[in-house]
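With the hints as extra help, turn the sequences into a complete structure.
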Amino acid sequence: MNRRSFSVAKLLAPYLFVGPAVIAVAIFLYGPILGSAVLSAFDWNLLSSDVRFVGFANYKAMLESADFRLSMWNTVLYCVILIPAEIIIPLILALMLHSVRGSWLAPVYRGMLFLPTILAFSVAGVTWSWLLNPVNGLFNEILIGFGFPPSRWHTDPELALLCVSMVTFWKTFGLNMLLWLAALANVPRSLREASKLDGASRWQFFWTIELAMIAPTGFFISITTLFHILDDIVGVIDVLTAGGPAGRSSSILYFLWQQGMRFFQFGQASAVAMIIIAMVLLISWMQFHIGEKQVHYE
Amino acid sequence: MAKLNRRQFMTGAAVVAGASSVRISPALSADSRIEISSTWGADKPFQKVVDAFNAKKLGVTVVNRFDGDYESAVAKAVASIAAGRPPAMMITGWKFGYFAKRTLGARDLHEIDAAKADTIIANFRPSVLPLVTIDGSVIGLPWAMSTPITFINSTLWKEAGLDPVLPENPDTEWLYAAARQLDIKLKGKNGTYRSALALSNNEWTSQSFIQNAGGFIIDPVGKLAVDSPEAVAGMEQYCAPAHEGLWLPVSDKEQDAAFESGALAICTTSSTRAASFPLGGAKAITAKFPGLPGHARKMNSGGNFIAVYTKNQEQAAASLAFLEFCASKEGQTIWSKVGYLNTSLHDIPLINDFMKPAAEQLKDGLTAETIWPGKRGLEGQTIWRKWVSRMLLKEVSVADGMKGAHDELLALVSA
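Protein chains in written order, with this note's numbering: chain A, 1 to 298; chain B, 299 to 713.
These are calculated hints, taken from the structure and not from any lab test. Quick caveat, the model's predicted, so the values are computed rather than measured. Glycine residues also receive a C-beta, built at the ideal position from the N, C-alpha and C atoms. Some clues are possibly wrong.
[Said to hold, decoys possible] Covered, in the sense of this in silico footprint (three residues per stretch, anywhere, with C-beta under 8 Å from a C-beta of chain A), are these stretches of chain B:
| hint | segment |
| --- | --- |
| 1 | 557-568 |
| 2 | 677-686 |
[What the hints assert, rightly or not] With a straight-line Cα cutoff of 20 Å, these simulated DMTMM-like cross-link-like pairs (lysine to aspartate or glutamate) come out:
| hint | chain 1 | residue 1 | chain 2 | residue 2 |
| --- | --- | --- | --- | --- |
| 3 | A | Lys60 | B | Asp705 |
| 4 | B | Lys596 | B | Glu658 |
| 5 | B | Lys551 | A | Asp238 |
| 6 | B | Lys485 | A | Glu141 |
| 7 | B | Lys596 | B | Glu528 |
| 8 | B | Lys551 | A | Asp156 |
| 9 | B | Lys609 | B | Glu622 |
| 10 | B | Lys661 | B | Asp469 |
| 11 | B | Lys487 | A | Glu141 |
| 12 | B | Lys673 | A | Asp50 |
| 13 | B | Lys355 | B | Glu333 |
| 14 | A | Lys60 | B | Glu706 |
| 15 | B | Lys551 | A | Glu141 |
Below is the structure:
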């Protein structure tokens, strides 16, 4: 290879390495976002020759829809319940697992706790609907056995959202637990030994040293938990409640799916998608703006 | 090397071309392979219909592609039609009639082959043909039809001291009285019994109550009529057992599971369950769907039709060949095992006596389930279900619920 061709290859190399990834992101991420933005200004079902430009009418219709507002409010409630639960409880479980590291029981516990995460949503949904069946589900049989009145569980408008939250949590906490566990394993043992020599208790060590060391993982978990809660709830809602009773367990993403894939109102579905994108961007920006200042990187 | 003159060459070429064309012609039809998007997997009788047709080796091979429920199948069809590759045929729910014709482009069978279409359609009862006639076009084969009937757990019924001879035309007064007696006699005293009654929490059975009260969801001239006094009276009767605590509305799957396990004594649901409920743990006996005292019965039906979507003429002709088999006595006999009603004119025996109430209801005349009109008609079912749930849960009174449903649906169907 002569010097000229070598320098051309050197010049092109970064583009050749990065190019495929950039093209893939452009085609499969930014392309559809742009397509949705355009589609949100039209009244079209993808097939009909009747295509009408409606400007912001789809946004207006969605914001005026009581079902949209209810699903939006439900989503806020899901986030309020699930984000802290999905961060704190997996951390507690990870600390417990970390404390038995080295024991033969550690992988058994880890496997048992992670198992629900790899289960298909359809299987999990059917299983939970059997457990929660208000007529003869196991949970009601237990309540009756202890002399309590039976509950309507996911068919009760007041409990439906909590039931979906419970199943979503059970189905998804395992991933965060593994991430916390990996972070804990990376805390140098020497720090623990040094803190012991200084007379620090286990709690003091965790609160003042360990938590700061695993903060970057915590920041990562806080960002991704929002995304996967929005996403994973849809699977649980679909198989457990179908958004009911009367929309009381629906979420914004489930509402979007209904508009698009059940009613084929792609203009309105795209408007909802754009609203979700704007919301997620805003929340992520806030998380970075506020959260990153608290994070200590080595 | 032997030399060919021009005449010999032309003769040889003509022979080869002729031979090729003779071989190509049957090969084309022999290779006709059409895909049908269906709601049934390989373990269901529909696959047996497909297999029986393929075994005849008529030069058309049908492939049954399981695409989930009606909604999922339609969603996949939208995607494939948008990509320019529609399924040759699709099992389409009655409720998607307008959408199938106006949006998905279901073909008029007469437009494909008028003579053959008439031969096929002649196999069916004239009363079911309006169900597949949309905008004046026959867009499919009236394939599956079911109607809600009453299933009763015979053991629990007997244990509660109720008369095992069921009335020919049961009404809500009789049914609800029986449900109350079941609760009094068995609640807390029987190992499996948990609830007396389930009327199915969906748009289908609520429509039956409205029609049996003399009302309509959409009247014969196409006007939304859910706020009429008759419709409100029907819904009052439908919601009464839920408000009284005799019925715990749950999903269809949960309802079926509760009935089969002996936790639920009475269940009104699709007549297709006559193929399974009587043979299971519940040892179900059947009766007609309850009418309303003092009102003429006017029951409805649900189900699906097989529509042709392909624009390719050869594929469309091959699809008609399959539909011809489906309409034949042989095809209908295989299909009848699933528990749907016999919509054809062929003399096909009922799969069991538990189907008799459904067959009687068919004889009395059945209307279609609600086919929501308008560009946004597909949302109608979800909105109606939402209001039905609200009324069952007492979140709104029945009168307010019907008004709320009317107002929301009106904006939708007139869009």
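Evaluation of the provided hints:
Three residues within the 8 Å Cβ limit are the bar, and the segment 557-568 of chain B against chain A gives 3, so the coverage statement holds. Coverage of the segment 677-686 of chain B by chain A holds. Counting CB-CB distances below 8 Å, 5 residues qualify, and the rule asks for three or more. A threshold of 20 Å between alpha carbons decides the hint, and for Lys60(A) with Asp705(B) the separation of about 19 Å falls inside it, so the pair holds. Restraint check for Lys596(B) and Glu658(B): satisfied, since their Cα atoms lie roughly 12 Å apart, inside the 20 Å limit.
Straight-line distance between C-alpha atoms of Lys551(B) and Asp238(A) comes to about 13 Å, which keeps the hinted pair within the 20 Å bound. Distance hint between Lys485(B) and Glu141(A) is fulfilled; the C-alpha atoms sit about 14 Å from each other, no more than 20 Å. Distance check on the hinted pair: Lys596(B) and Glu528(B) sit about 13 Å apart at the alpha-carbon level, within 20 Å; holds. Only pairs whose Cα atoms come within 20 Å are accepted, and Lys551(B) paired with Asp156(A) is accepted, the gap being roughly 17 Å.
About 19 Å separates the Cα atoms of Lys609(B) and Glu622(B), which keeps this hinted pair within 20 Å; it holds. Under the criterion of a C-alpha separation no larger than 20 Å, the hint pairing Lys661(B) with Asp469(B) is consistent with the structure, at around 18 Å. A distance of roughly 14 Å separates the Cα atoms of Lys487(B) and Glu141(A); the hinted pair therefore holds under the 20 Å criterion. Annotation: proposed proximity of Lys673(B) to Asp50(A) holds, straight-line Cα distance about 10 Å (limit 20 Å).
As the CA atoms of Lys355(B) and Glu333(B) are separated by approximately 16 Å, the hinted pair is consistent with the 20 Å bound. This hinted pair checks out: Lys60(A) and Glu706(B) have alpha carbons roughly 17 Å apart, not beyond 20 Å. A hinted pair counts as satisfied when its Cα atoms are at most 20 Å apart, and Lys551(B) with Glu141(A) qualifies at roughly 19 Å.
Comparing the model with each earlier hint shows no violations; every hint is respected.
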